[in-house]
Amino acid sequence: MAAAHQQDASVVHHQHPTARGPQDQPLYLDTAWIGPQNAQAVLVNTSGTHGAEGFAGSAAQLAWLSERGRTSLPPGVAMLMVHAVNPYGFAWGLRGTKDNVDLNRNWLDFSAPLPENELYEQIHPFLCPTDIKPSTVNQLMEEGARLIAKHGRWALEDAISRGQYTHPDGFHYGGTCSDWSSTTLQDIFQNDLSEVPHVGLIDWHTGPVGDGELIYLCFSSPKSDQWQEAQRWWGADALDPAKVERLWGSKRPSRVGIMYWGLEKLVEPAGELVGGIIEFRSAQPKSNSIDALKISMLERWLRFEGGFEVPEAAHYFDLLKNEYAPSRESWRDTVLHNGLATYDQTLAGLASWGLAQAAD
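Counting along the sequence shown from 1, when you hit position 179 you're at 179 in the numbering used here, and nothing is skipped either side.
Keep in mind the hints are simulated off the structure, nothing from the lab.
Not one of these hints is a red herring.
Derived DEER-like restraints, expressed as beta-carbon distance ranges:
1) Ala145 to Asp318: 27 to 37 angstroms
2) Phe110 to Gln25: 22 to 32 angstroms
3) Glu309 to Asn191: 35 to 45 angstroms
4) Ser221 to Ala155: 21 to 31 angstroms
5) Ser10 to Ala341: 23 to 33 angstroms
6) Asp318 to Gln37: 40 to 50 angstroms
7) Asp225 to Glu121: 34 to 44 angstroms
8) Thr183 to Arg332: 30 to 40 angstroms
9) Leu319 to Ala112: 34 to 44 angstroms
10) Pro129 to Thr71: 49 to 59 angstroms
We put the CB at the ideal spot given by N, CA and C, even for glycine.
Start from the sequences and build out the full structure, keeping to the hints where you can.
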């Protein structure tokens, strides 16, 4: 937070009530408001929603504070940085929260019936082995081939990724109540943004195969005013669904409980939210399908089978970090370059948002 203080930011620390870090240290979700308190347009940018993915977003935030800062803000525009939305996952190198909750599946009305995911119920046992030796993973690949033959590859990918609410030890678990990180972010939006007419959002993530290039995931309805505004900021090509699927490597799953949708409701009716998730591509191609499947199982195995203290844990944590925050110099340089360019684009778009609407 030193860089934020140098920009005369208003900094608030939110300590997690129960989670601790690897050295038993307290963990925090931090916010920094830079710019006028009465701004009519605010860019919210978040890092660490998926914990271990937070290093790139954090680096982009630090780069903006160090190389752009308060003086680069357009008149009437403020910046609200949220660092380590999921401080537990960020500290431990895991995507999920202390309770294995995927925060991007956690934004639901939990007083209503939760979404069902019938196919996930069938495949959950095959995704959760007690060991991840090559022989075990190979057997799972064989079972996966049978399931693909029966249901189709896309149906399985969708069932795994969309979110599920019945297996706390499973993949993309959305929880049974609003997680601490979600409620804290709700409070921040209600306290700081409830009367702001124009709110932009960048939720930084990493993961897909690549070398720092960006993938834009907009969760507004296509052809809506918000979608068109995001296109004006980032370009129609960046949001083109066919391009996004090509860069992602598959079709987008029919996700539920998305954070963007929850934040959108908090901004309304006084204002509008435009933006979405921006992914820095980070992973390297795997030499075979067994290695690819094993990577996806590492976090669950460490949490629920092997534990964080087993001899192989350090190696597995290194593998996970290399997926989400590789040490390649080219990757880190590209992240900083693309991150700063995106901040510039987005702030310029925010500053002219009302003007563009008036011109229309």
